[in-house]
Amino acid sequence: MGRRLLITVLQMLITVFVASLVLFALIRLAPGDPAKLLIGRTMEIAWDAAAYETTLNELREEMGLNGSVFSQYVSWIGSLLQLDLGTSFYTDRSVAAEIGERLPSTLLLAGTALIIQTVIGLLVGILSAVHSGTWFDTVVRLLCVGLASVPGFVIGLVLLLVLAVQMGVYEISSQAALSRLWLPALTMGLLGAPQVVRVVRANLLSELGQVYIQSALSRGLGSTRAVGHAMRNVLLPTITLMGLSFTSYISGAVVIESVFAWPGLGEYALNGILHKDYPALQGYALVMVLSVVVIHLMVEALYVWLDPRMMRRKKEAAHE
Amino acid sequence: MKIAEDLKEKLRIERLEVAYRQEGAVQTALKSVDFTLHQGEILSLLGESGSGKSTIAKALLGLLSPSAIVRSGILSLSGQTPIDLSQPSKNWNGIRGREIAMLFQDARLALNPMMKIRDHFRETLLAHRLASKEQIRSISEQGLARLGFSDPSTVLNAYPHELSGGMCQRVCLALTLCLRPQVLIADEPTSALDTVNQREVLDLLQSLQRELGLSVLLITHDIALAEALSHRVLVLNEGHIVESGPTSQVLREPSHDYTRQLLSSRDLTSDAEASSSPDAASLLEIQELVKAYGSDRPTLSGVSMQLHAGEIIGILGQSGCGKSTLARCVVGLEQAESGSIRFQGQDITYAKGTARRRLARQIQLVFQDARASLNPRFSALELVQTPLHTFRVGDRKERLERARYLLEEVGITGAAQHRRPPQLSTGQCQRVAIARALALQPEVLICDEAVSALDMSVQAQILELLQRLHRQFGFSILMISHDVRVLRAFCHRIAVMHEGRFVEFLQGNRLSSGEHAHTRLLLHGAEELESL
Amino acid sequence: MNSRRASYTLGFGVALLALLAGSVLAASWLSPDDPLAMNVGARLQQPSMEHWLGTDRFGRDILTRTLHGGQTTLISCGLALLSAVLIGLLLGALAGMFHGSLFDIALMRIIDVLLAFPFMVFAMVIAALFGTSLFHLLLAVVVVWWVGFARLTRSLVLQAKNSTTVDAARVLGTSKSVILFRELLPQAFGPVLVLATFELGNLILAIAALSFLGLGSQPPSPEWGSMLADGRAHFMTSPHVLLGPALWIILTVLAFNCIGEGLRDRIDPYEKARIG
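Chains as they are written, first to last, in our numbering: chain A, 1 to 320; chain Z, 1001 to 1532; chain F, 2001 to 2276.
Hints were generated in silico from the structure; no laboratory data involved.
Don't take each hint at face value.
[Claimed, not checked] Distance ranges between label pairs, derived from CB positions:
{"no.": "1", "chain 1": "F", "residue 1": "2176", "chain 2": "A", "residue 2": "302", "range": "51 to 61 Å"}
{"no.": "2", "chain 1": "A", "residue 1": "302", "chain 2": "Z", "residue 2": "1071", "range": "42 to 52 Å"}
{"no.": "3", "chain 1": "A", "residue 1": "222", "chain 2": "Z", "residue 2": "1138", "range": "33 to 43 Å"}
{"no.": "4", "chain 1": "F", "residue 1": "2090", "chain 2": "Z", "residue 2": "1352", "range": "20 to 30 Å"}
{"no.": "5", "chain 1": "A", "residue 1": "146", "chain 2": "F", "residue 2": "2052", "range": "19 to 29 Å"}
Heads up, the beta-carbon is just placed ideally off N, CA and C, and yes, glycines get one too.
Using the sequences and the hints, build the whole thing.
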């Protein structure tokens, strides 16, 4: 088990490495000289030519743009390993520090949304499976299809309109207050729930049709207990889904954060785009990639831990 | 011949009618079934697949799928108020396990793969409050010991996949018996087991039944089993009970046509040629074939045999002995690791690519799962023409003619030739597969458990078909099966395989004189079932 | 869901899609006004008989813009997804056929790397570097979205390779390429089609979100996403500005989801344990 984990970690490291390469390449591929972009068009006109050139070269030197591509990459990796993500063009502060300030808000939002999504998803999914074929099940399926068809920001905007503007229940501001957490988290959670419902329902239904459940029922063990047994086999796919959802929440939080003015990483990235703040964007992208990779690693580790006790047993049983 | 000792009624089912909702249409599975199970008797419900026997079992326990509609049916258990099965009832937990218990066909699947055996016992006993926590262990051990386990504590600590099929079935039996049910429904309890394990489980079932005075409803398709074990027999065909009565009477002097048909399929006619010596030319020679898949217990550990032109050779062995692997090595689906396979003198052991494809014209294989071996998107005619098309045999018209001819020979005529596998029965699918295999006029036809998945009556038909085609076209057959009965009547020679090697070679009609321990084991299992 | 209900869902989805596609394609006939024509005097009007969906902040008729914009959205998203599907199918099938080869291993590694990039992040980086436009976004889509189809195709091909049907074909001497096209690929079509349908819906949603953030198509183009970005500022006071594009987006994605659900229940076998 340790060995498999090690291999996975190695693979993850390679993935991050290659991803950083891709990121680096993209940024270098972008049209325009980053240094020029930093100074900005307006500056270009205001200063006289000579001063402009000097500043440009100074900046270039500072940004390390004068060396070969390879040395640029190496120095970049070097600073990355020191957790130095560069300095923001716009605010002149350390990107790492800025991201560090905002990451917790996004994580809080994503985490809460994940909990909401999982709770709703499990409850509705189990009930739907147990009562499959009834009107309840049909309604649930209709709702899932419907909810999955609506863009998140539309739901967010509508909720904001109704609850904040018209009913005054929700506060409009740009602070990361706990009292303001519930609505964006609820919105995100609702968006992610249909997928969980679908997976839980499908897997549970398939388990309930298995012979060992019928056998348990035939011994008079009652349907509640039977569902409990079946759920054990549904946990693993559910956990995987949770992992995937979390990564999509962290990256997709941009939209919801924008709608609710929630001061997280998403807002930071958007500002970065607006101001062409390359280091900020780079830092953001790297942190995202790293998060995704780490979460996948955690899910994989969970698998490896639970796997010998669950999947291997099932696999062996299926092969013999 | 066994006579029921006590005629007291234990369970009665009246006017049971069940239908299933499928694809928007409603199909009746059981049409007014009535029968009675008496105290201490073993009643066999004999029927082929599709007859509705599993539906009866499930209906008696309220385990029918949600798509089932019970139109009518009254279940009366002795000493209890009759239950109307057409009304939804909440009371099943009082009946399940205590009044009526069930043994499932595949015992391994019937146990929760993630729970140890002792947890199965604990859960069952506690749920019915039959024991305190301290008593559980001793009750479980006693229960297992009664079922022939010499080391109950090891078994209790095991997970289901660590036990063999036979052991799992015995564990299931122990589980159900610890609840002391009045009625036991055994749904094909041994069909998933090989002959040796079958024997064990049936012996136990019989002795325990006598000891505990259980009333058993035995559901099976195996006539020999029904004959050996039961007092009375019910014959089920397409949802009705066509005949019922004491076992000996029904099976010796059947009064219904269907029963007669069923019984006749039991006796496979031995081919007159079975005892004549075939042509001496050696067609296929296998020498010391080894295939280990990297483990210490090789699947094939040095297998050698010869197949002569025009000969029918059977390979008899339990599941897992390596017989399928051998077949797959011969046709190139697997590659042996050492040893050789020679066809007509040429070494084909490692043949690949074009050379291997060319062998398709000479060696063909019919699979166990006929339906799975046919691409469901093509009609029977198209399927049979495929190999002809691959090798550009004749022009389009000739290929079509040949395909038609072959299908007629295997019994697929007229409109059926244009049907696709989903619209054909399993027996028909196997016929199409055989026609397709013979399209290129191969010299060797390998049948890998080709009839094992078929109902007995269909089995007999397919075997007859193969015999006829063999006489007609003269190809050699390598017949692989675990079923002694199938091989005995069919083959010139039989090779008995055990754990990756051949242990004995016998003449087909002299199978009973086999001397090797394993041969005797296989024969014993089969014979006992057939003896009176 | 039994077959009958699946057919209803499928039928409903197809009918809805036909209706929407029809409305969009016939935009010029249904709503002959110029989608770009501004009329400042009629800004932000509520839906009325004259302007069925009201007007936006420049006085442009929203219904006209929605219908015309739909052409851009649907066609470009459709093309982008089609490209992704074809690339994914091809690469996945080849990887499955030549399982264990260098190509297969290399492909899986590339997929791993691409999966580490959440699409939103990737799109944002592209938008920042190369400029905000619908075209850039769709390029990003093709670069990233083929992965799901490749993985699915590959695993289906691998599964099919071990099936009895393929075994039988091999024993019958069928050549590898014929096996690929007659046995392996057809087995992949169903599930890939189902996935493609759902992904098309997801794509429209993703593009809408990105455009809403200002990263996609830019005004004055009447594309749905840019209309959303445009109307955002006035939403709280004049909520109707988002009604047109939002409604069409929801209905279109709904249609695709229904088609996907209906199709899926007819191709059931692979649904059960997949995480989707």
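These are the hints, each one checked on the structure:
Between residue 2176 of chain F and residue 302 of chain A the beta carbons are some 39 Å apart, a value that contradicts the proposed interval 51 to 61 Å. Against the hinted window of 42 to 52 Å, the Cβ-Cβ separation of residue 302 of chain A and residue 1071 of chain Z comes to about 49 Å, which satisfies the hint. Against the hinted window of 33 to 43 Å, the Cβ-Cβ separation of residue 222 of chain A and residue 1138 of chain Z comes to about 25 Å, which falls outside the hint. Checking the proposed 20 to 30 Å range against residue 2090 of chain F and residue 1352 of chain Z shows it holds: the Cβ atoms sit about 26 Å from each other.
The given range of 19 to 29 Å is respected by residue 146 of chain A and residue 2052 of chain F, whose C-beta atoms sit roughly 24 Å from each other.
Hint compliance for this structure: hints 1 and 3 are broken, all remaining hints hold.
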